[in-house]
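K.L.:
Chains as they are written, first to last, in our numbering: chain A, 12 to 383; chain B, 7 to 291.
Please keep in mind that the hints were generated in silico from the structure rather than gathered at the bench. Take the hints with a grain of salt, since some may be wrong.
What the hints assert, rightly or not - Quick list of the computed label-pair ranges, beta carbon to beta carbon:
{"#": "1", "chain 1": "B", "residue 1": "Met216", "chain 2": "A", "residue 2": "Pro106", "range": "28 to 34 Å"}
{"#": "2", "chain 1": "B", "residue 1": "Ser275", "chain 2": "A", "residue 2": "Ala193", "range": "39 to 45 Å"}
{"#": "3", "chain 1": "B", "residue 1": "Leu190", "chain 2": "A", "residue 2": "Ser137", "range": "55 to 61 Å"}
{"#": "4", "chain 1": "A", "residue 1": "Gln152", "chain 2": "B", "residue 2": "Met216", "range": "31 to 37 Å"}
{"#": "5", "chain 1": "B", "residue 1": "Gly244", "chain 2": "A", "residue 2": "Gly40", "range": "58 to 64 Å"}
As the list claims (entries may be wrong) - Calculated cross-link-like contacts (lysine to any residue; reagent style SDA-like; alpha-carbon spacing at most 25 Å):
{"#": "6", "chain 1": "A", "residue 1": "Lys131", "chain 2": "B", "residue 2": "Leu212"}
{"#": "7", "chain 1": "A", "residue 1": "Lys135", "chain 2": "B", "residue 2": "Phe207"}
{"#": "8", "chain 1": "A", "residue 1": "Lys183", "chain 2": "B", "residue 2": "Gln194"}
{"#": "9", "chain 1": "A", "residue 1": "Lys131", "chain 2": "B", "residue 2": "Pro213"}
{"#": "10", "chain 1": "A", "residue 1": "Lys135", "chain 2": "B", "residue 2": "Gln205"}
{"#": "11", "chain 1": "A", "residue 1": "Lys131", "chain 2": "B", "residue 2": "Trp204"}
{"#": "12", "chain 1": "A", "residue 1": "Lys131", "chain 2": "B", "residue 2": "Leu192"}
{"#": "13", "chain 1": "A", "residue 1": "Lys131", "chain 2": "B", "residue 2": "Leu190"}
{"#": "14", "chain 1": "A", "residue 1": "Lys131", "chain 2": "B", "residue 2": "Pro203"}
{"#": "15", "chain 1": "B", "residue 1": "Lys68", "chain 2": "B", "residue 2": "Val53"}
{"#": "16", "chain 1": "A", "residue 1": "Lys135", "chain 2": "B", "residue 2": "Leu192"}
{"#": "17", "chain 1": "A", "residue 1": "Lys135", "chain 2": "B", "residue 2": "Pro203"}
{"#": "18", "chain 1": "A", "residue 1": "Lys135", "chain 2": "B", "residue 2": "Val53"}
{"#": "19", "chain 1": "A", "residue 1": "Lys200", "chain 2": "A", "residue 2": "Lys135"}
No experiment lies behind these values; they were computed from the predicted model shown. Ideal Cβ positions, reconstructed from N, Cα and C, are used throughout, including at glycine.
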Amino acid sequence: MTSDTAKAPEDGTTRRSMISARELTKTFGQGETAVTALDNVDIDIRENEFFTLLGPSGCGKTTLLRLIAGFELPTSGLIQLDGQDITALPPHVRPVNTVFQNYALFPHMTVSENIGFGLKMLGKSSGEIEARVKQMLSLVQLEAMANRRTDQLSGGQQQRVALARALAPAPKVLLLDEPLAALDLKLRKNMQIELKSLQAETGITFIFVTHDQEEALTMSDRIAVMRDGQILQIGTPKEIYDKPTHRFVADFIGDINILEAQVEGTEGDQTRVRLKDGTTMLARSTGADTQGHCAVALRPESIRVAQAGDTPALTGQLENLVYMGSAHNLHLRLGSGEELVVRHGGSTEGLDLSPGAQIGVVIAPGGARVLA
Amino acid sequence: MADTPPLAAGATAQSTRRRMRSRDLKAMPGFKAAGWACIFALYLPLVVLVIFSFNDNRSVVKWTEFSLRWYEAAMENEGIRNAAWMSVKVALVATVFSTIAATMAALATTRTAAFRGQGLAYGIINQPLMIPEIVTAISTLSLFSLVKQLTGITGVGYLMAAHTAFCIPFAYMPIRARLEDMTLTLEQAGADLYATPWQTFRHITLPLLMPGILAGAMLAFVVSLDDVIITLMVAGPGETTLPIYILGALRRGITPEINAVSTILVGVSVLLVLVLFLVQGKMKK
């Protein structure tokens, strides 16, 4: 699911910062009706990076994007682009281009005119514009559509025009505001791959906004998970998925079981916790460990059904068996009343999967994590 | 609504009801009769006017034979020609200036951050539609008399200024409606692609706003063309517009010549509306 093979695994920290935001706050409205869309955000997005802002609607991801584009001005804080302070610059002088959610193609222009618009405004010669437009058309495979009106194109083609238009002036940063949301599933999957390779090809920093965690995991070099105007965690898809440091992050990315627990003590880099039904287990510490109350996070795929000879770590009553094609999801009700979902790949032969059966599960080493 | 049905069921019931209602209206007894009555009331007088403009006879109540003689007579009448020319001149000037003013007003009331007194601004711009025209006419006359006395300047400019002023709200309405329909995203996309605010206006806002501006201009032109009351008050000697000429001619008795001129006026406005529809249709495509 992750894409760590797409690019040489160079050490990201040595790359210079393309976008830096410091203590960025944006408040809409005034007085009692004021809404804080972005709350004291610090972020560094690196050169040539596919960076995703991920979160539910209203988390501030689009606001952050619009602040970088210059459509909104921050209430306080600082934004730098490639070392230059752009906080107060109007959008038309920022070397940043946007792919809008609904594409925002100019309906009174042809595909070519749309793509060439940015260059024309920059005062490039018509020969240069023509050559660049041609290059962009071939990049997004729309050579045949050059003189069409934009409303004669399909959704996927419009998407490509929007992309070509934003890339044509060779911006330092490309901002993408949920650009795939309007496409159907199959087209979306194709565009995800295309976007990813386009980013690698052009070497431009992409900042991609989405609420779709799968999309984020598939495409990104790094992801920032946001909620309520704050960034909860920044990391590679693998880090975000495997090592969530926040309960919300764990819950938002992929399927996960979260069980309430009490901290009992530390054993090496593991923490001993006591679950609500009294069982104790070792779970990997995350640094965010607290005293007393905590949560234990278990991915469904890091739990398996106990075979004969295993000592089950947890036992629950089977409530539901959901067929997933390549696997079964077993929904167990634990003694504490909490639900535990176990992904069981392979054959179900020899297992008692009748409703109400008591099923023991084994947790893979390091599969349990402690969250604050 | 204590017993609100589940959302889906509620929505379906509502849409069914709406569909039924729209079907019902036309099926209602008397709908057709009422519709035809309205159409007759609106257009029967016009039909009479047009028919008798082609009458060979001098009478406007007795039909004898088809003829274009009254059109010929109208064309040859210098008074009518001068009045028509005056009307067109005033209407063109009023259209250009009122449309420019209305476009600026519409931009200022829709394309800026919400400001205090925005509602008041709408009201002030549209208020001339509410004030009785005779009041506007008399007040304009008073003001212009004062200005004339102070400056000693005379001429057709006063009439053009008066027409420009009362045409603004008519031009403003369709332009503002169009602007409110246009999302800001396109203009943001322009700015994002390095267009300065002026370039954004020139390359994005203005072309997209054109159908609204044309509609506003057309409306202003027609309103100016057939204004009577304000023109009657403000027009100086020799500044006779076509409606004023017709009014004067009527005092001497109704003639088929007047019918012919009126028919031409109707033809011109129908043509304008037709052109507007065609242009807008092409732009929307």
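K.L.:
Could you run down the list of hints and mark each one as holding or not?
P.N.:
These are the hints, each one checked on the structure:
no.: 1; hint: Met216/B - Pro106/A: 28 to 34 Å; verdict: holds (31 Å)
no.: 2; hint: Ser275/B - Ala193/A: 39 to 45 Å; verdict: holds (43 Å)
no.: 3; hint: Leu190/B - Ser137/A: 55 to 61 Å; verdict: violated (29 Å)
no.: 4; hint: Gln152/A - Met216/B: 31 to 37 Å; verdict: holds (33 Å)
no.: 5; hint: Gly244/B - Gly40/A: 58 to 64 Å; verdict: holds (60 Å)
no.: 6; hint: Lys131/A - Leu212/B; verdict: holds (17 Å)
no.: 7; hint: Lys135/A - Phe207/B; verdict: holds (20 Å)
no.: 8; hint: Lys183/A - Gln194/B; verdict: holds (18 Å)
no.: 9; hint: Lys131/A - Pro213/B; verdict: holds (17 Å)
no.: 10; hint: Lys135/A - Gln205/B; verdict: holds (15 Å)
no.: 11; hint: Lys131/A - Trp204/B; verdict: holds (14 Å)
no.: 12; hint: Lys131/A - Leu192/B; verdict: holds (16 Å)
no.: 13; hint: Lys131/A - Leu190/B; verdict: holds (21 Å)
no.: 14; hint: Lys131/A - Pro203/B; verdict: holds (15 Å)
no.: 15; hint: Lys68/B - Val53/B; verdict: holds (15 Å)
no.: 16; hint: Lys135/A - Leu192/B; verdict: holds (22 Å)
no.: 17; hint: Lys135/A - Pro203/B; verdict: holds (18 Å)
no.: 18; hint: Lys135/A - Val53/B; verdict: violated (60 Å)
no.: 19; hint: Lys200/A - Lys135/A; verdict: violated (35 Å)
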